[in-house]
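Chains as they are written, first to last, in the numbering used here: chain A, 1 to 284; chain B, 1 to 363.
Everything labelled a hint here was simulated from the structure, so no lab data went into it.
Since the model is a prediction, treat every value here as computed from it, not as a measurement.
Do not take every clue at face value.
Said to hold, decoys possible - Partner residues aside, some chain B positions facing chain A, computed with beta carbon under 10 Å:
1) E71
2) T73
3) E81
4) A218
5) G222
6) A226
7) A346
8) T357
9) Q361
Unchecked claim - Beyond 12 Å from chain B on every Cβ pair, some chain A residues (computed):
10) S7
11) R100
12) A109
13) R120
14) A175
15) L208
Where is the CB? At the ideal position from N, CA and C, for every residue including glycine.
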Amino acid sequence: MSSTANSGRAGRALPWALVTPALGWTLLFFVLPFIAMGFSSLTAHEGGGFTLTNYSQFFTNPSYWQAMVNSLQVTAIVTVVSVLLAYPFAWILAEQVPERWQRLALMLAVLPFWTSYVVRSYSWLLVLAQNGVINRALTGSGLIAEPLQLANTRLATVTGFVHFFVMLLTLTIFANLKQLSPSYRKAAADLGAGPVRTFLHVVLPLTLPGIMVGAFLTFVLCIGDYITPQILGGNNELLMPQLVMMQIGRRGDFPLASALSIILMAVVTIAYLACARWLKIERA
Amino acid sequence: MSVKSASGNPLSVLKRHLHAACAATALLLGAGSLAEAADLNALIWCDHSDPALLQPFEEANNVKVNVKEFEGTGAGLAIVEQSQPGDWDVMVIDSIDVPRGVEKGLFEPLPEDKLPFADLFPQVKMDGSTVVGGKRYGITEKFGYNTIGFNKTKVDPADMQSLASLTSDKYKGKVAIYDYYLPVIGMAALAIGKKTADLTEADLPALKDELLKMKANAKLVGEVTASQTALATGEVDILVGGGEWVTAGLAKENPALDFSIPKEGAVLWSQSLAMFKDSKNKDLALKFIQYIMSPEGQARLATSSCYWGMPANTKAALTDDQKKVLRFDEQPGFLARAQAYPAPNADLDKKMQDMWTEMLQAK
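With the rest of the complex left out, here is chain A (with noise of 0.2 Å):
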């Protein structure tokens, strides 16, 4: 009876004994940081004391909200363009490429991703300036007489962005593709259903799961990355993790910066609750 008891104890035991590293590890490097901004974003950067006023300038200053909004249009176009161009090569990977040459391509589809982020980055740059490869190409061919501005845009940050999402898209979607049991194709043919069809009401929404993680990663790494829109956008728009880094260079004002940051959560929180249906890890 006791020795049942006991190892009913440890049963229950294990479970929390195995979790507990990643339990900890979020509790130090999450939640304690979390607590210690959102205690920071309530404090006032002159002084010290209880403030609302961090937050307040957010909703206040038309500046700092147009970063908000600029972040979440060149987050959904970027999420949007990813999707779009990572799904059919997503598909063609995993359905037209044999079944031997799929590791390879694979591996030569996020060949990029070996590069540095910053190089990666510049190098865009390089191709797209007034000077650069696009530019030469089309003046050369005599297409266009002067440069177009293809480098600093908003254009720039979106395609150094998209460069670097379809990859992540792509492998999110395939694994998702390559899970997909043929007997689902069959049987709609089966059914009278031509490839269309069975794309549009069988592929594509037992795939939507994998696109969602996909694009939901892309939208949280989208929307929090700095380097991007630093390097390819020309400051000539502020996104939110622009503005971030602005409050912390001359000024330290850890404060306003740790209160910008909660907004940004904020809103990805949103996002996942939005896409949260489709984030389970369990298929149905």
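Following the hints, put chain B in place on chain A, whose structure we already have.
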């Protein structure tokens, strides 16, 4: 047998590993404290990380200079606040921000008799900010100008003698702006005939108009690397806020790059060295400052691989070519027309940064 038995017992293995770990930690801590005595820890800007600058000092004094780079006084002071007292020995800081470190009780007064103050360009001593309460806490080591940097083969150098060119249609889309609000606001002040030292909140609307006119002409607003790259690659022909710190280091590869001090004047930037009050190596810290301020140290700092700038010491051991690139002999005239960085109080500083944010967001 007993050895085998002990090694097989998990508890014994754990104990043995713990003992080994404790011994290793103690050894590391001991080595750390030994190393600490022979190390100098410096919070620096990138120009001080050049091995050509640090190695001669390290070899002459048999020490290791550990450096940590930072950008912006706020970020630098935050690093200090997050450190233990005594972790840092010296710091490079904007001369106008020396009082911020003094207010926080971080800096040690410098012994004027042991440093070459008499050899400094008089205009860059910056006593207004490096001397607080009658004590000197910083010594200017390097300076230069936030002015107009340009490619002389692409623009009319005569136009670069006036700040009005920066907002003229002639150069629309050919301009980059250096992304640091204080010096560029200083240039905007000069453009509208205001003195940088006299700026008040009442001047902000006029300054904002001038900044917006500059932005309307600009292709980009970039930090050091981005603005330098834009000028060097021909993406733009003019850099607002540029100066010798952009053009001098690239003179060999791109001799077409130059800078002017326009008739309205330019904004003088200067960086200082300060010693930490809690430094455990004050003698070594002073030796380091003395080295940086020596003619040899000044020449190496002025021509650092990260960026060039004018040495504060008039006796810097620069070659004739280096002096020519830095326009060393023209300095008296330049300094006479230069004005100091705006040094706003905390409230005005915040308003200026918000104005800068508004300018960046303007379409």
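Discussion item. When the structure is checked against the list of hints, which entries are broken? Sort them ascending.
Written reply: Violated hints: none; all satisfied.
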